[in-house]
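Chains as they are written, first to last, in our numbering: chain A, 1 to 57; chain B, 1001 to 1139.
One or more hints might be untrue.
[Stated by the list, open to error] Dumping the calculated DSBU-like pairs for lysine-lysine here, alpha-carbon to alpha-carbon at most 35 Å: (1) A:Lys2 x B:Lys1003; (2) B:Lys1076 x A:Lys2; (3) B:Lys1003 x B:Lys1038; (4) A:Lys2 x B:Lys1139; (5) A:Lys31 x B:Lys1003; (6) B:Lys1097 x A:Lys2; (7) B:Lys1003 x A:Lys35; (8) A:Lys31 x B:Lys1097.
[What the hints assert, rightly or not] Chain A side only, calculated, beta carbon under 7 Å to chain B, not exhaustive: (9) Ala27; (10) Glu30; (11) Ala32; (12) Glu39.
[What the hints assert, rightly or not] Facing chain A, according to a computed beta carbon distance under 7 Å, are these residues of chain B, among others: (13) Leu1027; (14) His1045; (15) Arg1078; (16) Arg1119.
Don't read these hints as lab results, they were simulated from the structure. Positions of the beta carbon are idealized from the N, C-alpha and C atoms, including for glycine.
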Amino acid sequence: MKRVLGFLGVAGVLSACVTINIYFPAAAAEKAADKIIDEVWQLQNDAKEPAADTQKK
Amino acid sequence: MQKMMMHLLVLVAMMLSASGSYAAADLEVNTPAISAIKNSMQARHAQLAPHYASGAVGLTEDGLIAVRDVNAMPLKDRTGINALVGAENSDRNALYKEIAAGNGHPEWRGEIQSTFAGRWIDKAHVGWFYQGAGGWVKK
């Protein structure tokens, strides 16, 4: 019985660690933000940018 | 005792694999909902850009936009500006929500919003206004 309780205790502590490890991916979020902002504000003037065509007309 | 050690090892392995897979993950931003919002914001940007440049509209510190000075814009634009800013803010709020939901973590919404807030300001053109701790700042 003691052993079972000990196991449950260890399992509890470790599962808490698992929860903490699912952290907010800050670097990935910055990358995603940069990508979306570049597209919305059209900051990268690459060849496939659609706005370039309309401006020329 | 040996059995317990085995359980312990299994748990440690599970913990490591869980942290490993999340550390490497990229955020998914190509869902249909996110693309639709992005296109709508991209189309609206042509209307908003002159107001950012004149200082009529500024970037807020919470990742949205706000009317800063109606006197900086032509009379003809003044009546529609609140609707324009409102539409942009609805899209921005929906964008943050969809990125969080699209990645299976709706609770990340606030952190995604504050990440965007910093990046919008970093990427803003020189001369645009953004909200700092003490009020509006000209970049």
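Structure versus earlier hints, numbers of those that do not hold, lowest first: 2, 3, 4, 5, 6, 7, 9, 15
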